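Trainee: Using the hints, position chain B against chain A.
Just so you know, the protein sequences line up as chains A and B, in that order. Everything in the first sequence is counted per this note's numbering, starting at 1 for the first residue and increasing by one. Everything in the second sequence is counted per this note's numbering, starting at 1001 for the first residue and increasing by one.
Calculated from the structure, these hints are not laboratory results. Worth double-checking, as some hints may not be accurate.
As the list claims (entries may be wrong) - Simulated crosslink set (DSS-like; lysine-lysine; CA at most 30 Å straight-line):
no., chain 1, residue 1, chain 2, residue 2
1, B, K1184, A, K75
2, B, K1127, A, K37
3, B, K1039, A, K27
4, B, K1386, B, K1514
5, B, K1407, A, K48
6, A, K27, B, K1407
7, A, K69, B, K1411
8, B, K1126, B, K1153
9, B, K1538, A, K27
10, B, K1411, A, K27
11, B, K1184, A, K11
12, A, K75, B, K1175
13, A, K27, B, K1322
14, A, K48, B, K1322
15, B, K1175, A, K27
16, B, K1193, A, K75
17, B, K1193, A, K6
18, B, K1407, A, K6
19, B, K1175, A, K11
20, B, K1104, A, K27
21, A, K37, B, K1184
22, B, K1184, A, K27
23, B, K1193, A, K11
Everything numeric in this text was worked out from a predicted model, so none of it was measured.
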Amino acid sequence: MISLNKMPVGKVGIITAINGGYGLIQKLDLLGIRTGKEIIKTSGQWMKGPVIIRSGNTEIAIGYGMAQKIMVQVK
Amino acid sequence: MKILLIGNPNVGKSVVFNRLTGVDVISSNYPGTTIDFTKGYIILAGKRAELIDVPGIYSLEPTCGAEEVAIEMLNEGDVFIQVIDATNLERNLNLTLQLIRQKKPMIIALNLYDEAEHTGISIDTKKLEQIIDVPCVATCALSGEGIKELIDKIINARTSEFVFDDMQRWNEIGKIIDQVQEIKYRQHTFSEKLRDVSVRPITGIPILLLVLLAVFMIIRFIGESLINYLFEPFFEKVWSPLMIKLSEWLIGQEVLHDLLIGELINGTIDYGQSFGLLTTGLFVPLGAVLPYVVAFYTVLAFLEDSGYLPRVAVMVDNIMHKMGLHGLAIIPMLLGLGCNVPGALATRILETRKEKFIAATIMSIAVPCMALQAMLFGLLGPYGAKGLSIVFGTLFIVWFVTGLLLKRIVKGTSPEIFVEIPPYRIPYIRGIIKKTWMRLKWFIKEAVPFVLLGVLIANLLYSFGIMQFVGKITAPVFIHVLGLPEEAAGALIMGFLRKDLALGMLIPLDMTLKQLVVASVVLSMYFPCVATFAVLIKELGIVDMLKSTMIMILAALITGGLLNMILSVTLS
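With the rest of the complex left out, here is chain A (with noise of 0.2 Å):
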């Protein structure tokens, strides 16, 4: 299990846990990122820029601080 940034791109995982504060649960939450939901990282950009993920349809960039709260099991 590691924090979403430390993720390679284009690897496929699961989401374990989301350390976060409820703003950043509920947010994720409303673009239907969730625990037990299957993401792919799609992009990581330099220099702790911010990780892009997508779950289905959705594909949102979320900055590294809060990728380094969600915890993911690689694929």
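Mentor: Chain B in isolation, oriented as in the chain A frame:
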């Protein structure tokens, strides 16, 4: 009757709106809020009903200012039309369930139905209709499929009796999805590959640079073509002879002549220098600025509707972070390049006071609007690229350095970026035309009266000697710090009202290139135009806006003084 069009962002809501309101309806801006609220009319069973395009929301629990406004609008509606992105059924249904709890008549448009089928998703609309107990219509707004059915069924909108456990919303949604949606295996589409390529840094950054270059070239091309083939011939061949006639007719009526026509330069009208209401007053907003505004908004609408803007936000996130902002703050900056007013309004998409303050301040200081840019090109263009590149380069440095400083000075937090990246879509041309037209109307409504007022006030101030008086008082600053003639004070006073006009006032002063550059930079920086100022007072509050204004004046004086010193050495 008021019908609200509600939905997540990027579900094609605006296209549905355009389809529903038909051809000859002109959408109007929603007063007092943002230019993105649109209203139109639709004929239902012989009666006229109001259709309001509510800004996109994910949920009824707001996460930012723009969403709050949207949610407040819900109370006013009599009927809800929820536009759902059929390719993202699950999370769209989350909003559906929340809307159902509002107990209002509702109907659902399953939009992008064709795109869903294309990607291997099939949705049983009949079954969905049965379960959630409101009419559901499959639509493809881009091609117009399903729109007629949607209109016909609006009168069937009903308050849902669907019962569910709100605490278990996602479970409930999961149950619905299991019954109505089927997903087949599919291959990676071309669009998906393009999505990946344009956000990976190694390919995304070159693509971004190419796009920006293309944007710049297209704006110039459209703007210049409009000027060369339409606006210039009109002003030269049609308007000037008329004005000359009027001028002859007004001989003996000095005051009126000066006011309407201004001064004749070498026996003819010089739109840059005559300074009459009907000459310079009309030419500056319409002849010099409007063509570029048209060009800018067309290209911007294209970028917005294609889905590229959020990707720009991701690519520039790192740079924006250095200034205490995140990538999305690039959107007010880009809008500000067209006109600072919508740019100022767009600071609403940022969450905290700190971000809003920084974004609004650096935009007002260093993002020149299209009107200002057009005049800068007119003023400095004859000297070649040198003057222009110094001005734009200085503004860029000021933008960045001010941001760096404000990040450290302003108290508060700077959250990280969190943004949905929509799939690429081919923009809907009629939507683009409508959007551009809306923003143009707004520009004309705002700019023309202010320019006319500006010309009037300038004339009055000159004839009462007030301009000369202010020039005398402020002369030490102008002459010693900025190296400008004291007459330039008049332009700076005018700059409070309209900067394009202010730059025009510099033309007759016969300044050197160095002076022009310093005056241009100071004029761009020291204050936003009065319209932007008014909007920012509303957005930031009076106290913060006064602080922001102090920063602007200070930054303008420091930058102007430094430039004056540096250029005295390098440009002579």
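Trainee: Now, for every hint given, state plainly whether the structure supports it.
Mentor: How the hints compare with the structure:
1. Among the hinted pairs, K1184(B) with K75(A) is consistent with the structure: their alpha-carbon atoms are about 21 Å apart, no more than 30 Å.
2. In summary, the hint linking K1127(B) to K37(A) is supported, as the alpha carbons are separated by about 25 Å, within the 30 Å threshold.
3. Pair hint K1039(B) plus K27(A) holds up; C-alpha atoms about 29 Å apart against a cutoff of 30 Å.
4. For the suggested pair K1386(B) and K1514(B), the alpha carbons sit about 10 Å apart, so the restraint of at most 30 Å is met.
5. Distance check on the hinted pair: K1407(B) and K48(A) sit about 18 Å apart at the alpha-carbon level, within 30 Å; holds.
6. The straight-line distance between the Cα atoms of K27(A) and K1407(B) is roughly 25 Å, inside the 30 Å bound, and the hint therefore holds.
7. With a C-alpha separation of about 25 Å, the suggested pairing of K69(A) with K1411(B) holds against the 30 Å cut-off.
8. As the CA atoms of K1126(B) and K1153(B) are separated by approximately 14 Å, the hinted pair is consistent with the 30 Å bound.
9. Distance check on the hinted pair: K1538(B) and K27(A) sit about 27 Å apart at the alpha-carbon level, within 30 Å; holds.
10. For a cut-off of 30 Å, the pair hint linking K1411(B) to K27(A) stands: about 25 Å separates their Cα positions.
11. Between the alpha carbons of K1184(B) and K11(A) the distance comes to roughly 21 Å, so the proposed pair stays at or under 30 Å and holds.
12. A C-alpha spacing of about 26 Å is found between K75(A) and K1175(B), which places the hinted pair at or below 30 Å, so the restraint holds.
13. Between K27(A) and K1322(B), the direct Cα distance comes to roughly 24 Å. Compliance with the 30 Å bound is thereby established for this hinted pair.
14. At roughly 12 Å between alpha-carbon atoms, K48(A) and K1322(B) fall within 30 Å of each other, so this suggested pair holds.
15. The straight-line distance between the Cα atoms of K1175(B) and K27(A) is roughly 22 Å, inside the 30 Å bound, and the hint therefore holds.
16. At roughly 21 Å between alpha-carbon atoms, K1193(B) and K75(A) fall within 30 Å of each other, so this suggested pair holds.
17. Between K1193(B) and K6(A), the direct Cα distance comes to roughly 22 Å. Compliance with the 30 Å bound is thereby established for this hinted pair.
18. Of the supplied pair hints, the one linking K1407(B) and K6(A) holds, its CA atoms being roughly 28 Å apart against a limit of 30 Å.
19. A C-alpha spacing of about 29 Å is found between K1175(B) and K11(A), which places the hinted pair at or below 30 Å, so the restraint holds.
20. A hinted pair counts as satisfied when its Cα atoms are at most 30 Å apart, and K1104(B) with K27(A) qualifies at roughly 26 Å.
21. Restraint check: the Cα-Cα separation between K37(A) and K1184(B) comes to about 18 Å, which is no more than 30 Å; the hinted pair holds.
22. Between K1184(B) and K27(A), the direct Cα distance comes to roughly 29 Å. Compliance with the 30 Å bound is thereby established for this hinted pair.
23. As the CA atoms of K1193(B) and K11(A) are separated by approximately 15 Å, the hinted pair is consistent with the 30 Å bound.
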